[in-house]
Amino acid sequence: MANDPSEKVPPSQPPEGKAEGAPVSPKAAAPAAAAPPKAGAPPPPKVVTAAPIPLDNELVQRLEAHFGEAIREATLDRKQAIVLIAAEKLREIARYCRDEEKFDMLVDLTAVDWPKREKRFDLILILYSFAKNERLRLKAHAGENERVPSSVEIWPAANWLERECYDMFGIVFEGHPNLRRILLPDEWEGHPLRKNYDILKQDTAWVRENLGIESGQ
Amino acid sequence: MSDSRTNGSSEVVTTVLGADEIILNMGPQHPSTHGVLRVKLKLDGERVVESECIIGYLHRGVEKIAEHRSYQQFAPYVDRMDYVAAVSNGLGYCEAVEKLLGAEAPPRARVVRTILTELQRIASHLLWLGTHALDIGALTPVFYCFREREEILKIFEKYCGARLTTHAFRIGGLQYETYDGFEEEVKRFCVDFAQKIDEYETLLTENRIWVGRTKGVGILSAADAIALGVTGPVLRASGVKWDLRKAQPYAAYDQYEFDIPTREAGDTYDRYLVRMEEMRQSRRICLQAIEKIPTGPIMAKVGKVLKPPPGEVYHSIEAPKGELGYYIVSDGTTQPYRVRVRPPSFINLQAFDKMARGSLVADVVAIIGTIDIVLGEVDR
Chain W
1 MANDPSEKVP
11 PSQPPEGKAE
21 GAPVSPKAAA
31 PAAAAPPKAG
41 APPPPKVVTA
51 APIPLDNELV
61 QRLEAHFGEA
71 IREATLDRKQ
81 AIVLIAAEKL
91 REIARYCRDE
101 EKFDMLVDLT
111 AVDWPKREKR
121 FDLILILYSF
131 AKNERLRLKA
141 HAGENERVPS
151 SVEIWPAANW
161 LERECYDMFG
171 IVFEGHPNLR
181 RILLPDEWEG
191 HPLRKNYDIL
201 KQDTAWVREN
211 LGIESGQ
Chain L
218 MSDSRTNGSS
228 EVVTTVLGAD
238 EIILNMGPQH
248 PSTHGVLRVK
258 LKLDGERVVE
268 SECIIGYLHR
278 GVEKIAEHRS
288 YQQFAPYVDR
298 MDYVAAVSNG
308 LGYCEAVEKL
318 LGAEAPPRAR
328 VVRTILTELQ
338 RIASHLLWLG
348 THALDIGALT
358 PVFYCFRERE
368 EILKIFEKYC
378 GARLTTHAFR
388 IGGLQYETYD
398 GFEEEVKRFC
408 VDFAQKIDEY
418 ETLLTENRIW
428 VGRTKGVGIL
438 SAADAIALGV
448 TGPVLRASGV
458 KWDLRKAQPY
468 AAYDQYEFDI
478 PTREAGDTYD
488 RYLVRMEEMR
498 QSRRICLQAI
508 EKIPTGPIMA
518 KVGKVLKPPP
528 GEVYHSIEAP
538 KGELGYYIVS
548 DGTTQPYRVR
558 VRPPSFINLQ
568 AFDKMARGSL
578 VADVVAIIGT
588 IDIVLGEVDR
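Residue numbers (the numbering used here), protein chains in the order written: chain W, 1 to 217; chain L, 218 to 597.
The reader is advised that the hints may include incorrect statements.
Which stretches of chain L does chain W cover? Using the computed rule of at least three CB atoms under 8 Å from a CB of chain W, they are [to be verified]:
no., stretch
1, 266-279
2, 455-464
Result set (DSS-like, lysine-lysine): computed pairs, CA atoms no more than 27 Å apart in a straight line [what the hints assert, rightly or not]:
no., chain 1, residue 1, chain 2, residue 2
3, L, K463, W, K132
4, W, K79, L, K524
5, W, K132, L, K458
6, W, K119, W, K89
7, W, K79, L, K404
8, W, K102, L, K463
9, W, K195, W, K116
10, W, K195, L, K281
11, W, K102, L, K259
12, L, K404, L, K371
13, W, K79, L, K432
14, L, K432, L, K259
15, W, K195, L, K524
16, W, K201, L, K281
17, W, K116, W, K201
18, L, K458, W, K119
19, L, K521, W, K79
20, W, K132, W, K89
21, W, K116, L, K281
22, W, K116, L, K524
23, L, K371, L, K259
24, L, K432, L, K413
25, L, K518, W, K79
26, W, K102, L, K571
27, L, K521, L, K375
Source of the hints: derived by calculation from the structure; they are not laboratory data.
Ideal Cβ positions, reconstructed from N, Cα and C, are used throughout, including at glycine.
This is chain W alone, in the form it adopts within the complex (with noise of 0.2 Å):
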């Protein structure tokens, strides 16, 4: 079983670097197909390059006018809008959303682990707006000692999902009113589901002391 993914490469650039807009149309593989094919060489890797498309509405320039620097990036993947922010911002930037741009609903709450990045983690809020019908996708980094702020004094919703999250990924949202573990049960070790999580050992180590037996993985 391949259960160590720390050894999964992440794509060179951050996910949203590698954004893009509309359904993607294999063009990649067109100047593939194109050149004269060499005998004994191998295909060329079939990738997909098209460049992210960056967003610029109207709503990215009232953030940016609002928030300047803390709005890092706002890019378009698959047609869903994409805003990257600053950590620390985050509850500013997150009480504005919905007071100001009507994100009324907190639809989720979660995190992507990207081991080798200096920050590893991303933490993702979806926001759907009731008033535009509208979906926004709040993104900060986090590194893995750093507390981000907790966004459930804005939606009350965020209460069980942060929970998840830092059972999940470790992750430690400041101001959380009661951050503890949620799926899992308290006396866990690690969390799931960062990248270098190691199934084997937990089980081995539970098997051993739930069972008394060694166990056969």
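Since the structure of chain W is provided, determine the placement of chain L on it from the hints.
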């Protein structure tokens, strides 16, 4: 008596109980918790002062599993989340991956998907109605509901060989053509079903005990529902007219006429009425769809090895329980780098505390039932 626990910062939180207060544990083995949900109630006599849901007993690490499977291999796993609405789970996942690939299922596949998903919604609501009524003490509806649900499961079985964890759809479309007589069977079910819903309603809607047990119980205001991220019938019963099938149509929903039932009071009775009406609307969609299923291929050309270009996508559908979303990150390999499931049951369950505070212990059973959770999806 006190109850201590630790929080993330390892400081000890202690709950001090008043003279008449007790802590009562409901579950995880309790017939009315619909699975392994444990609710810790702080009671003042018969009144709930505070509640806490303790979940995770059914956690299988679905999101971690996804990182070690190819896109196609992971598809059957999603059926095991909301296992009473497996078809809806599959639709959400397949459409999300298709979006990531930039592919689209052919029209025929989209219509068949819509029909099966709407049948699944009826089946899911029937299971909810039967068990919810049973919890509150109405014994009869569960037999009727299972009778009709059985007809739907038979259609699924004939279509793809499985009744519950169907794996009915594939990324790019469908694996199976519809069987001979599919249209007639769906049509017969839908035509007969209209009268069946009326039958359920004669048992409950004006039943004094039912009304007494549900009206004014577990009230959730629209503002609270939105703040807590609640979606689906629970949100609509609080007066928010919002349904993803209309707001951001997927599959073939933009081709059909249907209404979004809403109610104002946001109590258990209203959620009951909303779901009853939703079954009628699902039936209406099925009848329209079955009339003209386009001919043509059922599978788009997506290739056998799926390697979506690097990037990410969020796609969500209106599952029977609310907004079911998939956030998938691709790193360009055959396995997803990250799959996040936005589970409607998990997020709706968070509203439980709001709804239960101040109610009687007996009503807790009604409130758990009315949120319509499936623990397989809450815990994943």
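Each hint tested on the structure:
1. 266-279: Held - the stretch 266-279 of chain L has 4 residues with a Cβ nearer than 8 Å to chain W, which meets the minimum of three.
2. 455-464: holds (count 3)
3. K463/L to K132/W: Cα-Cα ~14 Å, so holds.
4. K79/W to K524/L: holds (19 Å)
5. K132/W to K458/L: holds (14 Å)
6. K119/W to K89/W: holds (16 Å)
7. K79/W to K404/L: violated (37 Å)
8. K102/W to K463/L: holds (20 Å)
9. K195/W to K116/W: Holds, at roughly 10 Å.
10. K195/W to K281/L: holds (9 Å)
11. K102/W to K259/L: With a Cα-Cα distance of about 36 Å, the restraint between K102/W and K259/L is violated, given a limit of 27 Å.
12. K404/L to K371/L: It holds: about 14 Å lies between the C-alpha atoms, which stays within 27 Å.
13. K79/W to K432/L: violated (44 Å)
14. K432/L to K259/L: holds (23 Å)
15. K195/W to K524/L: This hinted pair holds, its Cα atoms lying about 20 Å apart.
16. K201/W to K281/L: holds (15 Å)
17. K116/W to K201/W: holds (22 Å)
18. K458/L to K119/W: Given that 27 Å is the threshold and the Cα spacing comes to 41 Å, the pair is violated.
19. K521/L to K79/W: At roughly 25 Å apart (the allowed maximum being 27 Å), K79/W and K521/L satisfy the hint.
20. K132/W to K89/W: holds (24 Å)
21. K116/W to K281/L: holds (19 Å)
22. K116/W to K524/L: Since the Cα atoms of K116/W and K524/L sit roughly 22 Å apart, the hinted pair holds (cutoff 27 Å).
23. K371/L to K259/L: With Cα atoms ~44 Å apart, K371/L and K259/L exceed 27 Å; violated.
24. K432/L to K413/L: The given pair, whose Cα atoms are some 23 Å apart, holds under the 27 Å limit.
25. K518/L to K79/W: holds (22 Å)
26. K102/W to K571/L: holds (23 Å)
27. K521/L to K375/L: holds (26 Å)
Checked against the numbered hints above, the structure violates hints 7, 11, 13, 18, 23; every other hint is satisfied.
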